[in-house]
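Chains A and B, in that order, are what the protein sequence lines are.
Numbering-wise (our numbering), the first sequence opens with residue 1 and increments by one.
Numbering-wise (our numbering), the second sequence opens with residue 1 and increments by one.
Take every hint as true, because none was put in to throw you off.
Copies of the same chain look alike in the list, so a pair counts if it fits in one copy or across any two.
With a straight-line cut-off of 25 Å between C-alpha atoms, the simulated DSS-like cross-links for lysine-lysine are:
(1) LYS374 to LYS322
(2) LYS71 to LYS44
(3) LYS32 to LYS322
(4) LYS280 to LYS407
(5) LYS322 to LYS353
These are computed hints drawn from the structure, not numbers from a lab.
In this text the structure is predicted, and so the values were computed from the model without any measurement.
Number of protein chains: 2
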Amino acid sequence: MNTIEKNDFKIISGGITAPKGFMAAGNHIGIKKVKKDLAVIFSKTPAKASAVFTRNVVKAPCLLWCEKLIKEGNNIQAIVINSGNANACTGDRGYNDAVTTAQVLAHSLNIDPNTVMATSTGVIGVYLPMDIMINGVKETAKLISEGESAAEDCAQAILTTDTFTKTITLELDIKGVPVKIAGIAKGSGMIHPNMATMLNFITTDVNIEKELLDKAFKSNIDESFNMITVDGETSTNDMAVILANGCANNPIIDKEDEDYFKFKNALDYLLVFLAKSIVKDGEGATKMLECNIKGAKNKQTARVLCKAILNSNLVKTAFFGKDANWGRIISAMGATCEDFDPKGAKITFISKKGKIVLFENGTPVQFDEDLALKILSEDEIQIIVDLKDGDAEITGWGSDLTYDYVKINAEYRS
Amino acid sequence: MNTIEKNDFKIISGGITAPKGFMAAGNHIGIKKVKKDLAVIFSKTPAKASAVFTRNVVKAPCLLWCEKLIKEGNNIQAIVINSGNANACTGDRGYNDAVTTAQVLAHSLNIDPNTVMATSTGVIGVYLPMDIMINGVKETAKLISEGESAAEDCAQAILTTDTFTKTITLELDIKGVPVKIAGIAKGSGMIHPNMATMLNFITTDVNIEKELLDKAFKSNIDESFNMITVDGETSTNDMAVILANGCANNPIIDKEDEDYFKFKNALDYLLVFLAKSIVKDGEGATKMLECNIKGAKNKQTARVLCKAILNSNLVKTAFFGKDANWGRIISAMGATCEDFDPKGAKITFISKKGKIVLFENGTPVQFDEDLALKILSEDEIQIIVDLKDGDAEITGWGSDLTYDYVKINAEYRS
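Model the full assembly from the supplied sequences, consistent with the hints where possible.
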């Protein structure tokens with residue numbers, strides 16, 4: 001259902017150590033009982049960095065440290081990520097723990113602490129066990145390597161209760177020079193209460209001006225990660241960061257030319273792939289819903305309506321129940337108070353099994369209930385809402401709301 | 001947990017026919033299989049009316065008819081309500097069906113059609129079965145009476161899958177004259193897909209100037225019905241209406257004096273009672289959550305934070321799981337982007353079993369997990385968030401999110 005052209009790049013294997021000059025490691029240091037819980041990403045040379053952070057007013061202290069580094073315009077040479085503890089709502093002590101973690105890694109790798117991001121995902125409101133962290137960071141620093149298995153270990157170590165690793169690697173050609181981009185993500189597994197966080201780390205060896213890296217990354221974020229929802233919750237720890245170390249040695253991308261758009265296009269594909277992977281692995285989800293709003297007055301209206309549909313508990317339970325319940329879609333859009341005319345709207349559902357129109361010109365359309373059930377029994381369903389009111393459009397992704405979502409999030413802390 | 005003083009009024013029996021001059025009926029006419037599905041409320045003399053309607057852009061055609069009558073300043077003498085079919089998303093035909101329904105009732109009762117509201121609750125997107133409606137309205141008109149059982153029949157007939165009727169009757173004294181106010185409500189039962197709607201009908205025999213009735217009603221609505229949430233969904237058919245026929249013959253309330261505030265205070269109690277009843281009967285709900293935001297910069301911030309907490313699926317599932325999960329409360333507030341300082345916030349949970357403070361001065365408070373479990377095992381739980389940032393406060397009510405919510409709303413249309 002993805003509309004991005006893949007002509008200008010190819011999907012390869014390798015993971016986040018595939019771009020030249022990047023190394024990684026993933027390790028179990030003892031924050032979690034059994035699973036890997038510490039990840040390190042390292043660039044042999046300091047990399048240009050761009051990052052976005054949660055808009056939640058309550059930011060985890062570790063994010064404040066990362067944000068400070070980015071604001072000061074520092075290059076980034078390493079990132080250390082622990083899972084199992086979010087270091088959120090932990091005040092000044094939490095901030096100092098994040099800085100200490102970065103310093104320990106910097107010392108182990110013999111690099112400047114102001115080039116080291118430290119971030120966390122897991123339970124809110126518990127202090128990091130610093131004895132375990134300090135030893136664990138030192139041990140993990142020794143494990144970093146360029147190998148694909150190190151990339152996979154790293155992708156595993158950032159997970160909480162995700163059911164699979166989310167990783168993708170692309171290769172493109174900039175003026176005859178091969179350039180690689182790779183990314184890993186962590187989605188919304190929350191079997192422990194207070195588990196939070198979407199984390200995304202992207203490595204690339206492209207040689208590009210800092211402000212163009214920033215521009216490409218941030219404009220893509222709005223069309224990818226900012227268009228997904230599992231439960232409408234914005235965590236205290238969400239972040240996405242891209243490191244570009246220039247090791248591919250392509251002629252530098254310093255203007256918005258063909259090469260820039262080639263890179264941006266590949267990056268866009270990578271971000272949407274990771275975003276959709278997060279939704280597919282959403283808590284308790286059995287279906288991925290892709291919602292296209294077309295013919296909207298403007299992009300903002302399209303965005304609000306799209307998110308209203310994907311965040312509606314009634315819409316989400318209806319899809320779980322395989323119920324062609326267009327009334328809830330209309331009602332969810334109407335409740336936003338965005339300016340649109342429901343009389344013009346057309347609602348269509350599509351999956352591998354076929355296509356049905358349910359509402360058009362302000363009135364219900366008679367449809368084949370058997371076909372509807374077949375379409376809605378698929379894992380991936382597309383909802384198209386054509387407002388016939390303008391040229392703006394947007395696509396977003398969400399999941400259904402299931403018994404398992406309630407189970408996962410209601411379970412008493414063990 | 002309610003803070004309203006009851007000194008100036010008493011709770012009595014009687015239902016919506018208790019105020020002088022009001023009659024009612026409830027009947028099964030065949031829209032639903034077995035349960036009552038048509039209600040009529042009638043005032044012997046045309047009554048001053050005030051009403052609020054859903055802010056959903058997609059309004060049911062029947063609401064457009066009711067809104068027109070109110071906008072034109074008509075007195076209202078009767079209301080007909082069917083359950084089982086919402087007459088929503090039905091376009092011009094739906095509007096004509098609502099007008100026809102009003103006209104049939106007007107003819108049966110020998111009153112002006114422009115004093116008759118017609119409203120509906122039930123499935124979205126299905127035309128009203130007008131043959132059943134026309135005969136049913138005529139038959140039901142014959143049943144209207146002043147008796148308490150007629151009031152109860154009426155309260156039953158507006159329900160969909162609510163598990164109990166929501167009704168309350170108050171008596172107060174205005175300059176030595178007894179005045180009564182009574183109300184019925186319908187909550188959020190949605191076992192059929194697309195079932196919608198919160199409906200509230202209030203009758204009173206008070207003698208009051210129209211604009212003061214309006215003022216008292218609308219200011220109270222913002223602190224009662226507009227502060228409850230079951231699933232954050234705003235239906236296409238929500239409405240609340242009050243009819244004041246003046247039959248108590250008290251000296252007219254024509255200024256904001258002691259009598260006005262006595263009446264407003266009683267009305268406020270009645271509306272909060274009905275609002276809380278709707279939450280208690282929320283779909284699949286096992287708990288009622290009362291959330292008090294205190295010490296906020298201003299009322300709007302308090303309102304947004306309160307609703308964010310009560311609408312958060314993570315907060316709601318945590319309460320279902322009896323989990324003292326304050327981190328989700330902080331995170332839900334933070335995600336609103338309202339301006340508040342989490343470092344000042346104090347979070348307390350209270351129920352009949354006791355009280356625990358979980359978060360204070362920006363850091364977690366060690367609490368007794370056994371006591372927390374006892375407190376959270378109760379049916380009614382109070383969440384107090386003190387922001388220590390100003391004088392504004394607000395109270396809202398919500399429910400937990402349970403397996404049954406998913407079950408009720410995922411069930412395929414039978």
